[in-house]
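Engineer: Okay, here's what each chain looks like letter by letter:
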Amino acid sequence: MDQLLQHLLNGLLLGATYSLLGIGLTLVFGLMNVVNFAHGEFYTLGAYAAFAALTLASVHFFLAIPLAIAAGAAAGAICERVLLRPLRGQSIDTVMLVMIGVWITMQNAELLGWGGVAKSVPTPFSTQPLVLGPVSVAPLRVFVFVVSGGLILGAHLLLARTRLGRAMRATFQDRETAALMGVSIERIHTVTFAFGAGLAAAAGALLGPVFLLYPSMGDLASLKAFSVVILGGLGNFAGAALGGIVLGVAEELGAGYVSSGYRDAVGFLMIVAVLLLRPSGLFARAERVG
Amino acid sequence: MSRAIRALSVALAVVFALGAPTAQAQDAVKVGVIQPLSGPVAASGNYVRMGAEIARDWINGKGGVLGRRIELLIEDNKSDPKEAATAAEKLIVRDKVPVIMGAWGSSMTLAAMPKLEEYGVPMVVETSSAATITKRGNPWIFRISPPSEMEALGLEKYLKEFGIKQADFLAVNTDWGRGSVTAFGDLLKKSGASVGAVEFMEQSATDMNAQITKVKAGSADTLFLTTSVEQITLVLKQAQEQRLTRKVITTGGSSSPSQLIKQAGAAAEGTYHILFFLPWFPEAMPDGKLAKAFVDEWAKRGHPFEGLTEGFRGHDGVLTAVEGIRVAGKADPKAVQEALWKVNVMGLNGPIKFEKDGPAGKESGQSKPSIFIVQVKDGKIALPAFAAKK
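In order, the protein sequences belong to chains A and B. Under the numbering used here, think of the first position of the first sequence as 1, with each following residue one higher. Under the numbering used here, think of the first position of the second sequence as 1, with each following residue one higher.
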């Protein structure tokens with residue numbers, strides 16, 4: 001029983017990180033129809049930006065995270081303005097190829113800039129675990145969990161409740177009509193992509209200290225983010241949030257009770273099942289098609 | 001757009017001009033090196049490269065080999081077996097190297113091996129531990145690192161002091177990790193101890209909490225941990241978060257304990273590490289003077305101290321490869337392969353001399369490296385009391 005509780009707690013904490021990775025991608029993918037292969041690189045960028053702020057500029061840990069988010073959003077805005085804007089109206093495949101190029105370029109730039117040796121990010125949190133009855137958890141992971149939840153909720157509210165969010169949704173539903181209503185289409189595209197990149201960078205800045213930093217760390221993050229998006233349904237915020245938790249718990253229980261050698265396989269088997277049975281995602285509501 | 005194309009062609013022309021071999025480079029004797037310089041196990045690969053460069057400079061400082069300088073052609077296998085095979089083919093076909101040193105991970109080495117056989121080029125294996133590397137009947141393989149079985153034998157004499165009754169295993173899901181679990185598991189069973197949970201993790205995995213929870217539920221007293229320093233760091237930190245109290249022994253010699261102390265902090269306290277080079281006690285090494293000189297040179301170059309336990313492999317590997325060329329008298333792959341059987345040099349780990357291993361008629365070379373155990377104690381590296389006595 002104790003073991004099960006610890007597994008569930010581990011799964012929840014891991015799942016929250018997957019959710020955070022997934023929401024930025026589902027936003028860009030679902031709203032803009034851009035398959036952002038560079039999502040993991042914005043994650044890496046966020047992690048290294050936080051590391052640089054902490055070690056080179058020696059700012060406080062809590063300030064380093066917003067700085068990293070800003071860096072990620074800025075990089076996202078530049079990427080959208082320079083690469084994606086000229087491709088507006090091109091097929092999704094063309095955009096996909098460009099994003100693969102961005103992925104490779106950014107990863108190699110990180111390798112060039114930081115070297116291949118893993119770096120560890122110092123945090124002000126104690127490494128002594130918080131003991132809650134039969135289970136224990138690191139304070140840092142609780143912090144990451146809470147901030148992730150806040151970011152997911154904040155992003156959802158921004159999209160659902162604000163003028164900007166409404167303009168975003170309108171633009172990607174019908175750009176001509178939105179433009180006629182006075183929405184600045186170009187600006188909305190840039191802001192949306194920057195928003196997605198900023199969320200990825202937030203995930204990097206939060207998870208970098210939990211794990212280790214190395215230039216190819218984004219590959220695993222991308223893989224998990226895509227899994228979460230498929231599980232939760234394209235563009236579905238609540239779906240991504242729940243999909244992440246489901247994936248995290250499934251992996252954890254699969255590793256704990258089936259075999260740790262097939263840990264990732266458990267997650268992917270679930271995705272295959274979802275694609276077969278509920279192709280629009282686990283949490284998709286009945287929607288108008290076409 | 002046309003301006004962009006013009007800029008691109010200029011850039012390409014510059015790249016080609018820089019890449020063109022100069023007359024001087026053609027005179028040098030080439031030695032191929034394949035290491036993971038990026039990807040999940042990049043730290044180790046980079047340290048090996050640094051050690052290899054020191055060996056190169058020392059050899060060149062003493063006049064090189066066959067009256068020529070040596071030049072290292074270093075390829076990145078990106079911690080990926082597929083890339084290791086590609087790198088081997090590139091070094092052999094395009095650069096025509098007479099000998100290669102590589103490729104750190106067992107899975108990477110195994111992937112490169114068919115290329116060695118196909119083209120007939122010998123490779124000095126500096127790190128890989130999977131037994132199967134020298135058992136496959138590939139006569140182009142010369143390994144200077146101990147296979148896991150040999151490591152297990154090195155531990156055997158201390159088994160009583162460790163007092164292991166039951167041990168769990170947590171290993172990277174590669175040929176190295178799986179081979180190590182078999183080798184150490186067999187040793188434990190032979191000595192009357194039992195094997196508890198056997199858990200694996202993917203090479204790029206970062207969250208090992210599930211495996212740790214499972215291990216914690218068992219009743220073993222010891223945890224054997226086989227993976228790269230990056231994952232060892234994460235496992236130790238996550239084990240601390242879950243209050244796992246086990247005697248931890250890392251195998252494979254790639255644990256860089258000084259890096260663990262730096263990155264895992266208190267979580268590394270008390271852990272034991274099987275190593276093949278002890279930079280903390282260079283004078284205790286088989287050739288103390290050589291070891292001291294290497295440690296000093298490493299520091300002079302500003303390389304991180306924690307890389308030494310890995311970096312020595314690069315030195316010994318290049319030393320062995322170049323000695324092969326010297327004995328052969330020419331930089332020809334077939335001649336170097338035959339000459340490697342006659343090599344007898346003193347490396348940082350100890351004497352390097354190959355014995356036959358694997359199926360008759362197609363044996364690979366295997367040396368008998370020295371094996372050491374250290375412990376992290378009060379945030380420092382110490383020889384365990386029982387090992388210091390001997």
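It is worth saying that the hints were derived from the structure and are not from the lab. Do not rely on the hints blindly, as some may be mistaken.
[As the list claims (entries may be wrong)] DEER-style ranges, computed between Cβ atoms:
1) A:ARG88 x B:ASP27: 49 to 57 Å
2) B:ASN344 x A:LEU97: 24 to 32 Å
3) B:GLU283 x A:VAL59: 40 to 48 Å
4) B:SER194 x A:LEU5: 25 to 33 Å
[As the list claims (entries may be wrong)] Calculated Cβ distances over 10 Å to all of chain A for the following chain B residues:
5) ALA131
6) GLY137
7) LYS165
8) THR182
9) VAL195
10) PHE200
11) LYS214
12) LYS216
13) GLU230
14) GLU297
15) GLU363
16) LYS380
[What the hints assert, rightly or not] Pairs of lysine to any residue residues, derived as SDA-like cross-links and limited to a Cα-Cα distance of at most 25 Å, are as follows:
17) A:LYS119 x B:LYS90
18) B:LYS377 x B:ARG301
19) B:LYS262 x A:ILE104
20) B:LYS300 x A:GLY115
21) B:LYS262 x A:GLY113
22) B:LYS82 x A:ASP219
23) B:LYS262 x A:PHE62
24) A:LYS119 x B:TRP280
25) A:LYS119 x B:SER204
26) B:LYS353 x B:ASP378
27) A:LYS119 x B:VAL93
28) B:LYS90 x A:ILE104
29) B:LYS82 x B:ARG68
30) B:LYS262 x A:HIS60
31) B:LYS368 x B:ASP186
32) B:LYS368 x B:ARG301
33) B:LYS262 x A:ALA52
Even for Gly, the Cβ is constructed at its ideal location relative to N, Cα and C.
Engineer: Give a verdict on every hint.
Structural biologist: Checked hints:
1. Take A:ARG88 and B:ASP27: their Cβ atoms lie about 55 Å apart, and the range 49 to 57 Å holds.
2. At roughly 55 Å, the beta carbons of B:ASN344 and A:LEU97 sit outside the given window of 24 to 32 Å.
3. One distance hint, 40 to 48 Å for the beta-carbon pair B:GLU283 and A:VAL59, holds here, with the actual separation near 44 Å.
4. The hint said 25 to 33 Å for the Cβ distance between B:SER194 and A:LEU5, and at roughly 27 Å that hint holds.
5. No beta-carbon of chain A is positioned within 10 Å of the beta-carbon of B:ALA131; the least distance is around 19 Å.
6. The beta carbon of B:GLY137 sits about 28 Å from the closest Cβ of chain A, which is more than 10 Å, so the claim that it is off the interface holds.
7. The non-interface label for B:LYS165 is consistent with chain A: the shortest C-beta to C-beta separation is roughly 21 Å, beyond 10 Å.
8. Taking the minimum C-beta to C-beta distance to chain A, about 14 Å, the non-interface status of B:THR182 holds against the 10 Å cut.
9. Every CB of chain A is more than 10 Å from the CB of B:VAL195 (nearest about 15 Å), matching its label as outside the interface.
10. A Cβ of chain A approaches the Cβ of B:PHE200 within 10 Å, the least distance being about 4 Å, so the stated non-interface status is violated.
11. Its closest Cβ contact with chain A, about 5 Å, brings B:LYS214 to no more than 10 Å, contrary to its assignment away from the interface.
12. The beta carbon of B:LYS216 sits about 8 Å from the closest Cβ of chain A, which is not more than 10 Å, so the claim that it is off the interface is violated.
13. For B:GLU230, the requirement that its beta carbon stay farther than 10 Å from each beta carbon of chain A is not met, with the minimum near 5 Å.
14. The claim that B:GLU297 lies off the interface holds: its Cβ sits roughly 19 Å from the closest Cβ of chain A, which is beyond the 10 Å cut-off.
15. Listed as a non-interface residue, B:GLU363 keeps its Cβ farther than 10 Å from every Cβ of chain A; the least gap is roughly 32 Å.
16. Separation of B:LYS380 from chain A is adequate, the least Cβ-Cβ distance of about 19 Å exceeding the 10 Å criterion.
17. Simply put, A:LYS119 and B:LYS90 have alpha-carbon atoms about 31 Å apart, too far for the 25 Å limit, and the pair is violated.
18. A hinted pair counts as satisfied when its Cα atoms are at most 25 Å apart, and B:LYS377 with B:ARG301 does not qualify at roughly 28 Å.
19. Distance check on the hinted pair: B:LYS262 and A:ILE104 sit about 31 Å apart at the alpha-carbon level, beyond 25 Å; violated.
20. Between B:LYS300 and A:GLY115, the direct Cα distance comes to roughly 20 Å. Compliance with the 25 Å bound is thereby established for this hinted pair.
21. Between the alpha carbons of B:LYS262 and A:GLY113 the distance comes to roughly 22 Å, so the proposed pair stays at or under 25 Å and holds.
22. This hinted pair checks out: B:LYS82 and A:ASP219 have alpha carbons roughly 17 Å apart, not beyond 25 Å.
23. Using a Cα cut-off of 25 Å, the hinted pair B:LYS262 and A:PHE62 holds, with the two alpha carbons roughly 22 Å apart.
24. For the suggested pair A:LYS119 and B:TRP280, the alpha carbons sit about 23 Å apart, so the restraint of at most 25 Å is met.
25. Between A:LYS119 and B:SER204, the direct Cα distance comes to roughly 15 Å. Compliance with the 25 Å bound is thereby established for this hinted pair.
26. Proposed proximity of B:LYS353 and B:ASP378 is contradicted: the alpha carbons are some 38 Å apart, above 25 Å.
27. Only pairs whose Cα atoms come within 25 Å are accepted, and A:LYS119 paired with B:VAL93 is rejected, the gap being roughly 36 Å.
28. Simply put, B:LYS90 and A:ILE104 have alpha-carbon atoms about 21 Å apart, close enough for the 25 Å limit, and the pair holds.
29. For the proposed pair B:LYS82 and B:ARG68, the alpha carbon gap of about 33 Å is over 25 Å, so the pair is violated.
30. With a CA separation close to 20 Å, the supplied pair B:LYS262 and A:HIS60 stays within the 25 Å bound.
31. Restraint check: the Cα-Cα separation between B:LYS368 and B:ASP186 comes to about 20 Å, which is no more than 25 Å; the hinted pair holds.
32. Between B:LYS368 and B:ARG301, the direct Cα distance comes to roughly 30 Å. Violation of the 25 Å bound is thereby established for this hinted pair.
33. A distance of roughly 18 Å separates the Cα atoms of B:LYS262 and A:ALA52; the hinted pair therefore holds under the 25 Å criterion.
Figure legend: structure checked against the earlier numbered hints; hints not met, in rising order: 2, 10, 11, 12, 13, 17, 18, 19, 26, 27, 29 and 32.
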